[in-house]
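Use the sequences and the hints to build the structure in full.
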Amino acid sequence: MSYWCPRPINGAQMLLEELKYSYCFSTGIDNLDNLLNGGLRTSEITEIIGKSSSGKTQFCLSVCASVLRNYKTVSIIYLDTKGDFIADRLLEYLKKQNLKHANVPTNAATKDEHGTSNVPNYDIKQCLTRIRCCLVPTFGHLIDSLITIRMHIDKAQRHIHSLSTPTEEFFSNCKLIIIDSLTIPFLSCMSTLPQLGISQLALIISELQRLSTLYYCTILITNHARSQFINFLNKQQFNRNSLPSTSIGCLGINWSLIPNHRILFECLTQWTNSLSYKIKVKLVNNNLNKINKQTNHYNKHQCNAETVWEFTM
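Note that my numbering has the sequence shown beginning at 524, numbered continuously upward.
Hints are supplied without guarantee of correctness; some may be wrong.
Claimed, not checked - Derived pair list, reagent style PhoX-like, types lysine-lysine, alpha-carbon separation capped at 20 Å:
1) LYS605 to LYS574
2) LYS618 to LYS648
3) LYS618 to LYS595
To be verified - Estimated spans, in silico, between C-beta atoms of each pair:
4) SER575 to ILE683: 39 to 47 Å
5) SER779 to CYS656: 23 to 31 Å
6) GLU692 to CYS656: 16 to 24 Å
7) CYS656 to SER545: 33 to 41 Å
8) SER687 to MET713: 41 to 49 Å
Simulated from the structure, these hints should not be mistaken for laboratory data.
A quick note: this is a predicted structure, and the numbers were derived from the prediction, not measured.
Ideal Cβ positions, reconstructed from N, Cα and C, are used throughout, including at glycine.
Here it is as structure tokens:
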């Protein structure tokens with residue numbers, strides 16, 4: 524009975540556990556870290572909302588490179604639902620992180636006269652061994668992967684002093700889980716079987732909350748954006764063309780209540796042959812958009828702050 528009942532814990536022990544297991548991971552974007560009060564924290568779920576080609580995947584790779592570079596033991600699990608994870612791109616971000624920490628300009632030459640790389644001496648291969656990517660095209664694969672991750676982490680933490688395999692060591696240090704993107708597995712059932720999608724999403728939410736709360740994991744999730752026009756009480760005065768649209772995430776109200784932070788991505792430059800792109804990053808309040816059904820008033824969510832992120836392909 525004592526196993527299933529919650530155990531009492533004093534404040535001093537809570538503080539020690541918080542200091543031992545909590546992390547605050549930098550996103551690699553200083554201005555965004557300031558908006559998030561330091562970065563991505565453990566036991567929190569952060570959602571990235573943006574339309575297609577708005578830089579969501581590039582941001583995830585940038586976060587991976589920043590965490591792998593700044594934390595020598597933390598491991599990462601990358602759940603890819605789209606099949607567009609590129610290890611070479613992650614390698615480029617890691618090299619940029621090395622140049623940044625070595626105070627070398629990012630446009631400086633990285634090879635000497637003999638053609639060998641003069642990137643600061645840091646074991647990039649060791650960094651890449653601390654990230655594992657798994658392809659999860661359906662919500663069945665995604666749920667199975669989350670359950671497997673939870674079981675491996677639980678086993679590794681229970682045998683923390685007797686880790687014998689590289690897999691146990693990897694999961695004992697797993698503190699960041701990225702899902703890119705959560706929308707893709709549900710596209711096939713959004714219109715035909717909506718109740719099936721809702722039930723499967725509830726299972727995924729349950730597993731994500733367990734991983735973030737019980738095992739002190741940081742959860743980073745990308746979500747596709749859809750446009751919603753502001754609705755007025757008097758529909759006769761409603762002019763669709765004259766009203767600004769607000770970007771909101773997919774997956775409905777059940778998912779909207781889950782993330783601790785919601786960040787909107789908007790591309791400011793057209794996708795051309797240019798190698799440099801600017802993305803507007805906007806942090807949204809945690810308060811859900813409330814719609815009063817009696818008066819049909821729409822209270823638009825307000826943004827705390829925003830910044831601009833520029834990256835190079």
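What hint numbers does the structure not satisfy?
7
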